[in-house]
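Enquirer: Here's the letter readout for the chains.
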Amino acid sequence: MSAQSVKVFVPVDAAALSVGAEAVAKAVAREAEARGLEVEIIRNGTRGMLWLEPLVEVELPEGRVAYGPVAARDVAGLFDAGFLSGGTHALSLGKTVELDWMKRQQRVTFERIGVTDPLSLADYRSHDGLKGLQYALSLTGAEIVEMVKASGLRGRGGAGFPTGIKWKTVHDAKAEQKYIVCNADEGDSGTFADRMLMEGDPFLLIEGMTIAAVAVGATRGYIYLRSEYPHAHKALSRAILKAEAVGLLGDSVLGTGHAFHLEVRLGAGAYICGEETSLLESLEGKRAIVRAKPPIPALKGLFGKPTIVNNVLSFAAVPWILQHGAQAYADYGMGRSRGTLPVQLGGNIKRGGLIELAFGIPLREIIEDMGGGTRSGRPIRAVQVGGPLGAYLTAAQLDTPMDYEALAAIKAMLGHGGIVVFDDTVDMARQARFAFEFCAKESCGKCTPCRIGATRGVEVMDRIIAGVERPKNIAVLRDLNKLMTDASLCAMGGLTPMPVMSALNHFAEDFDRPSLPLAAE
Amino acid sequence: MVHYPAWDQDEARSIVSGLSHLEGATLPILHALQEEFGYVDPQIVPVIAEALNLSRAEVHGAITFYHDFKTSPAPRRVIKLCRAEACQALGCEAVVDELAREHGIDVTALAHSGDIAVETVYCLGNCALGPSALVDGELIGRLDADRLAALCSRHGADA
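Which chain is which? The protein sequence lines are V and L, in order. For the first sequence, the positions run 6 to 526 when my numbering is used. For the second sequence, the positions run 1110 to 1268 when my numbering is used.
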C-alpha cells in the first residue's frame, strides 16, 4: 500500500482566486509531483479570513492547520518546512478552528463553508447536509411554514420582512402554479456573503429553496444571479446538475413525489434588479421596471403567480432551522432580530472578510477588534453600513449594536449586513455626490422623484462642492431628499437620501470646504 | 483574450429557436447570443420578437435597459473596473487618476476603443480585497495602476 495521501485545501472562492489561489493550487500539485509526494488537493470555499487568502490548509489527524497568505513562490518553502505534516513556516497560523477570527464566531449558515468541497454531495451529506430537507419532507407544508415563522427569521436581503409570514401567504394562496425565486442579485457594494455561500456551499441554497418549494407547493424555482458573479454561476450550475442527477431536484424530490425544477438565470448588470418586483420583471424577460405594490409578489409574483422571493441567506438559513429546531435558531440574537447575521467587513480594513454572529454585536467590536482598523493605518472617519443606500456613520457611532431596530433608531439600516470602512482621507461631500450619481445611473426610471431627483441631486452637490450659494443649495438638497424619501416608488429613490443626509448631518464640515472648480463632466 | 466569430444570422436564429421554449426567454437568449458573438446585432431583434411573440419595441427595450448587452462588436479585452464604495475606500479613483496621469490611459475614452474597453461596474463582491476588476472573466484583487496599465496595454492584452 502506498503512503496515505495528504489532503491540502486551496480555496476556489473568487476572492481567493483574485489574489492568486489558482497559481498556488498549481504550485502545490507541481511540487508534490516533483518530490514524489501524494497529495489530494481539495478546492474548498473560503473560511472568510480574506486578508489571509490564499489560505492553504493541511488535514492532520488532530485537525486542519492553516498557512497564509500563501503566494505561489512560497510553496516550495512550505514543502521544505514539511507543511504536509504540520511543519512550522513563517506563514504558519496554527489550527484553523482555533484562530481568534474563527473562535469568536457563531457559524450557523456558514458552518460548512471553507470546510467542505462545495461540489461534493457526499461531503455535503457527511456534514449534515440534507437533514433539514429530510425532516421537512416528514412534515406538512403548514408545519414547515410554522417552524420558519417560529424561528423569527427575517429576510436577509435588507428589508427584514419576517420570512415565515411571506411563506404563509404563498402557502395559503390557491394557484395552479407557484414559484420560488431566489434574489441573488447581490448588488450592494460591501456585500459578498451571497457570493461566498453560492460558491462555497451551493447545495445549501438548493436545499433551502427545495424546502420552500415543498412547504408551499411550488414546482418551479429560479435563482436570479447577477452577471458580475461568473464563479458563482459556474458553481450553482454544476451543483444543480449534480442535484438533478441524484434526484434531489426534478420530478420527485428524493423520491417523495414533490416536483421541483430549479434554474439559474443571469441578470445583466442592473442594480435595480435587487428590488424584488424589478427582478421579477427581468425574469419575465422585460425591462426591469419596478412594479407598484400591492399586489405583493406572494400573491401575484412571477408571471402573476404566487411567488416566494427571498434572499440567498434567507433560504440558506432554513435547512439549519429545520434540522435543529426553530427555538435553537431563535435563541441567537436580540430583540426582534433573531438568529445569526453574516456580517461582511470590507473597504479600507486591515482584516476584512465574513463574520457570522448572533445579532447584537457592536459595530466597534467587529471593525476594531476583528478588523484591526484601517488597512491604510489612518484613523477611521466614516463607516457605511448596509450598502450604497445605507447611512454613513461616524467613529463615535460605532457602539451601536448590529440589529435592525438599533440601526433604524440612529437613522441607519442594516441592509444585507455589509460594512465599508473609510479612513480620514474620505471626502463626504464627494460620497454624497456619488450616491446621487449611482442612483441616476441605476434608476429604472419609472417614478419621477428617483429618475429626475437623482440627476438634480448630482447638480446640487456639484454646486455645493464648487461653493456656489452654499446655504441655499443645502436647503435645496434637504428639500430634494425629503421629496425622494417620501415620494419614490421603491428603495432605490427612497433610500438614496440616507447616505446623503447622513453625510450632510454627521460630516457637515465636508460640505463647507474651500471651493473647488465645478466638476468637468 | 476572447476571440468571437463574426455575426452569423443563421447561427443566431438557431440560438434563438433553441431557447425560445424557456419561460421569460428574452434574457437567456440575449446572453447566449452575446456569449457566442460578443454582442447582440440589432438585426436579430425581429427574429426574437417573432419567436417570443413580443413586439420589436419590447425586445429593443430589453436590450437597451441592461448595461451588459452591447449592440456593436466586442473589443478584444473587456476590463470591468469596480468603482463602488468599498473599492473607493481603497482608492480606486486614485487608480483611475494615476492611470490617466502616469500612463496616459483615460478610462472613459478607452471604453470606446475597439481593442480594449474599461467599463465601470459597481461591485464585484471582492470588497475586502479591492480595488478589484474582472478581466475576461477573471477576478483580480488589490489592483494598482501599474497592473491595470499592463492589462490595458497591447502587450498585456496578449499575455
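Hints in this document: simulated from the structure, not taken from any laboratory. It is possible that some hints are incorrect.
[Said to hold, decoys possible] Which chain V residues face chain L? A few, computed with CB under 7 Å, are given here:
no., residue
1, ALA19
2, ALA20
3, SER23
4, GLY82
5, ALA86
6, LEU142
7, SER143
8, GLY146
9, ALA147
10, GLY195
11, SER232
12, GLU233
13, ALA273
14, GLY274
15, ASN353
16, PHE427
For every residue, glycine included, the Cβ atom is placed at its ideal position computed from N, Cα and C.
Enquirer: Any CB of chain L closer than 7 Å to the CB of ALA20/V?
Expert: holds, 5 Å
Enquirer: Less than 7 Å between beta-carbons is the criterion; does GLY274/V satisfy it with respect to chain L?
Expert: holds, 4 Å
Enquirer: Interface hint check: SER143/V, Cβ to nearest Cβ on chain L, cutoff 7 Å. Holds or violated?
Expert: Not OK, violated: SER143/V not within 7 Å of chain L, min 31 Å.
Enquirer: Hold the hint about SER232/V up to the distance rule: shortest CB distance to chain L must be less than 7 Å.
Expert: Status holds, d = 6 Å.
Enquirer: Take the shortest C-beta to C-beta distance between GLY195/V and chain L; is it under 7 Å?
Expert: Given a least distance of 5 Å, the restraint on GLY195/V holds.
Enquirer: Does the CB of ALA147/V sit less than 7 Å away from some CB of chain L?
Expert: It is violated, given that the least Cβ distance between ALA147/V and chain L is near 28 Å, above 7 Å.
Enquirer: Restraint: SER23/V near chain L, CB-CB cut 7 Å. Satisfied or not?
Expert: holds, 3 Å
Enquirer: With 7 Å as the cut and Cβ atoms as the points, is GLY82/V at the interface with chain L?
Expert: violated, 22 Å
Enquirer: Could you check if ALA86/V really has its C-beta closer than 7 Å to a C-beta on chain L?
Expert: violated, 26 Å
Enquirer: Under the criterion of a CB-CB separation shorter than 7 Å, is LEU142/V in contact with chain L as hinted?
Expert: violated, 26 Å
Enquirer: Can you verify the interface hint for ASN353/V: is its Cβ closer than 7 Å to any Cβ in chain L?
Expert: This hint holds: ASN353/V lies near chain L, its Cβ roughly 4 Å from the closest one there, short of 7 Å.
Enquirer: So, ALA273/V near chain L? Judge it on the closest CB pair being under 7 Å.
Expert: holds, 3 Å
Against the hints set out earlier in the document, violations occur for numbers 4, 5, 6, 7, 8, 9.
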